[in-house]
Amino acid sequence: MGMSTFPPDISTTGYLVDRLFWLATLLTGVAFLLVVAALGYFLLRYRARPGRKAFYTHGESRGALWMTGGLAILVFFLIDVNLAYHDHHAWDAVWGSPPRAADALRVQIMPEQFAWNIRYAGPDGIFRTSDDVTTINQLHVPVNRPVIVQLSSKDVIHSFFLPNLRIKMDAVPGMVTSLYFQTTHPGTYDIACAEHCGFGHYRMRGFLIVEESEKAFEGWFTEQAGEGPPDLSWGWNWDLPAAPQQAGQMETTQTGHTP
Amino acid sequence: MDRVTSAEVEIPLLDIPAGKFGMWVFLVSEIMFFTGLIGSYIVLRLGASSWPKPGEILNTPLLGLNTLVLLSSSLTMALALQAIQQGRQAALKRYLLLTAALGVTFLFIKGCDYVHMWHKGFTISSSLFGSCYYLLTGFHGLHVLSGVILLVCLWAAASRGVFSAAQYGRIEYSGLYWHFIDIVWVILFAILCLV
Amino acid sequence: MSEQRTSFIRKYIFSTSHKVIAIQYLITGLVFLAMGGVMALLIRWQLAYPWQPVPLIGKLLFPGSGGAVTPEAYPVLFTMHGGIMVFFALTPILLGAMGNYTIPLEVGARDMAFPRLNMLSYWFLFLGSVLLIASFFVPEGAAGFGWTVYAPLSSSTAVLPGWGQDLFILGLALDAVSILMGGLNYITTIMQLRAPGLTLRRLPLTLWGLFYSAVLNTLWLPIVVAALFMVLCDRRLGTAFFVAGPLAPHEGGQVLLYQHLFWGFGHPEVYILIFPVWGLVGDLLSVFSRKPAFGYKATVLSMLVITILSGIVWGHHMFTSGMNPLVGKAFMFLTITVSVPTAIFFLNWLGTLWRGAIRLTVPMLFTLGVVFVFAIGGLTGLFNALQTFDVYIHDTYFVVGHFHYTLAASVLFGAFAFIYFWFPKIFGRQMNARLGRLHFWLSFVFLNAVFSVMMFLGLHGHMRRIADATAYEFLKPVQHWNVFIGWAALGLGLSQLLFFINFLYSLFKGAPAPANPWEAGSLAWTVSSPPPEHNYETPPRVWCGPHEYGVPSLTNGDWLSQTDPQAAKLARS
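Taken in order, these protein sequences are the chains called A, B and C. Take the first sequence: its position 5, counted from the start at 1, is 5 in our numbering, and no numbers get skipped. Take the second sequence: its position 56, counted from the start at 1, is 56 in our numbering, and no numbers get skipped. Take the third sequence: its position 46, counted from the start at 1, is 46 in our numbering, and no numbers get skipped.
Isolated chain A (complex conformation) (with noise of 0.2 Å):
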């Protein structure tokens, strides 16, 4: 075809998500040929003929069972606990193993019908105070940084969508869900919203900029900063610690789980 199955991947965790792909496709698709060559068979061998007759059999006898027994154990094990298994490993890294978030970038993200609230804690390194940096639709983060993106929403739910890193989380109102991601490739890429919100979903358009370099970065901050003073709380209160923890763990668990 010419073209790459899966979007450029410029995320440390992506290429475990593209590798389960290749393990399921590799067994459903070995899977899927034998149960296809078999039909193929089937079908030319045993047409009907005129004088034969066919083999009278309630497939119930004792060879029958072990058959059924086997395959039963033989798919358990081969595809289901293998998959399970790859899937569980693949997890724990992708989502299982967030940043400390001293050394992450935090962001909050709160979309709306039909674009992205973005915010930066601003110098002061506090959310909700006066020197936040605030954008619509544009995520910059600097190169080979961890980044914690905490997500709720303003209207309906969206999903917060990064195809590039393979990974995607619902901004639910009422709740808080985050995600966390490292990019390995400076570049512009695409944020999409990934969950029916209305009219205007299809053009729910967001861009993630990824800056070459710390000092990039930072220059694209201090530049935001002296924009004014920002809407303060989005018309809800996240509740959320102020103050980036001490080294230490995420004040959710595991992604995704506000306890």
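It should be emphasised that the hints constitute simulated quantities derived from the structure, not laboratory data. Bear in mind that the values here come from a model prediction, so they are computed numbers and not experimental data. The beta carbon of each residue, even a glycine, is placed where N, CA and C say it ideally should be. Some hints here could point you the wrong way.
Claimed, not checked - Listed below are several chain C residues computed to face chain A (Cβ distance under 7 Å; list not exhaustive):
{"no.": "1", "residue": "F294"}
{"no.": "2", "residue": "F333"}
{"no.": "3", "residue": "V483"}
Stated by the list, open to error - Straight-line C-alpha distance at most 25 Å; calculated DSS-like pairs for lysine-lysine:
{"no.": "4", "chain 1": "A", "residue 1": "K53", "chain 2": "C", "residue 2": "K297"}
{"no.": "5", "chain 1": "C", "residue 1": "K509", "chain 2": "C", "residue 2": "K11"}
{"no.": "6", "chain 1": "C", "residue 1": "K569", "chain 2": "A", "residue 2": "K53"}
Place chains B and C on chain A using the hints.
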């Protein structure tokens, strides 16, 4: 009447009339309906930051009285079934009417309670508790109303002499339904008023 | 009893005869199938050529925009397409029509256990469809929140005002009541009204499928009915069960509660739709391989396992909602294990074909088609079950491709297999086989073209429910596949005309059908085509299972009917 009876066939799964079997299937779906509502109430209440204490808003004594009314109606329903099993037509009609009357009493008391609460500012939209209260008791009330209508239809059929000691299936199945909505009310009373 | 002339109305409109009711369901289902199909074509046109006027019918449907789909119309299209196909097309055809027609005949009964309730069940569907159609004509148009009715998009009139939204929800609720009534009849009739000798081991697999389907409906439909009523309360009575955050009037409830309730029903629903097809496939493979169904007991047991499993895996629709990862892993593992009973189905289907004497009739082609497309549909389910991978492909066309392979392909082919197989019995005429074969092959080719490419799009990250993929830079490289899908979908749609022409023509001009054109062994094929008004004068006596084909000691013919007394000696079931 064009109805098929299971007397024409020989190997049903359970040795009960088709009507009884059907009523139980219906009750399963009713149980699941109330499970959805009650389950939602539990989830919403556990997840809320605050919730009124028992008795703080609702008139527990009045609703307790209503519980007694409904429990009595279950008794009269059981007596109606016993009456027709013994072939006592007049007693059947009497107890059917009495059950219906108790059901109407239940609805009347509930109606007065609603009006009073509404005027006090406790409406379906004033708080999450209000929403849950009117949703749960409202759907329950609709079921009681349907039951009352059913009882009146049964009384009318009894007046035409449809039932006898050998033919009382519909009384029995309707009794199952009536006892069911009674049990639902007891549960609602407990989770809305007592805890 | 003197024979009274039943009026036309009592005989054909307000009839309590299961056969008439089945035909009413069939016609309703086919009408909505066509309607849902046209909507699908409009969706694909918009995706292929965003904002271009739709040829031929555009100016009629979208007069305000010169014939092009608008951003307001697009969500209506995918909402109504989904809702119509699931509840008003596939359910009426497979559960309403197939269930109603076959069950009494196949158990040896004169009618359903509760014929008047049966009649009521159809009219509730009819009422629901009236509301659904009405929703197109109210100001602000028909529902646009997706067939899944997610809150708070659905539950807040600040976001989606307009009575069209409420009418859709009410229409669904009425349809749910219809299905519950039908299910009550199916369970009672199958369990309690079987003819003498018809043990559960001798029940056709189609009826097992319908039975499990009805059990799932009885258990889980009421949950979604509760949820839908709560959405209506949120919309019109000022409650906030499923509204939270800035939109909530007071503290508000829990948005995700809606999803739990919906998918608590929604996941079993997909099994509700496929169970009758699995049953039908088991029976038809046997009839047309002239061999007993392989592993009958294992198949029925696997269906039971899936029935139970289907109730505890709903969370796999919510992996991206922020759930506790441990809970997510539990849902993932439970979901994945459905592959075990499913694999057993495939073993038994292939086992039935093995060493058979295969007759490639039109119903058999569609049956084999189900086996093929369901292999793809079922296997792609595994990808969706993997929590980490699902987070990437959730809400993309990979999911859409998966569920269309299992629904639009497998269930639809099952519906066609049902119609082509039972048409002679129902209408006493035969459908044209050549047209049927052409219908099958064209559908098969176009179907695979459309839905396999959809999965490829999904892997590329193409989201679902968006009106225009070119709004995103990362999707521009794959936009030409939307064009491809559009033309393949048109081919698929046009191929269905062959079916409709065949159906309508054969209804009036088809060759008369004998009682048993397929040489099938189950009870329904022992009576005339169409059957007498009350099916059986006296209950038939059953001596064996429905799949006694290829019995060795027979000298004339290769099969035994369930009512053949010889079977007591010669058959092994």
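Tested hints:
no.: 1; hint: F294; verdict: 3 Å, holds
no.: 2; hint: F333; verdict: 5 Å, holds
no.: 3; hint: V483; verdict: 15 Å, violated
no.: 4; hint: K53/A - K297/C; verdict: 24 Å, holds
no.: 5; hint: K509/C - K11/C; verdict: 23 Å, holds
no.: 6; hint: K569/C - K53/A; verdict: 19 Å, holds
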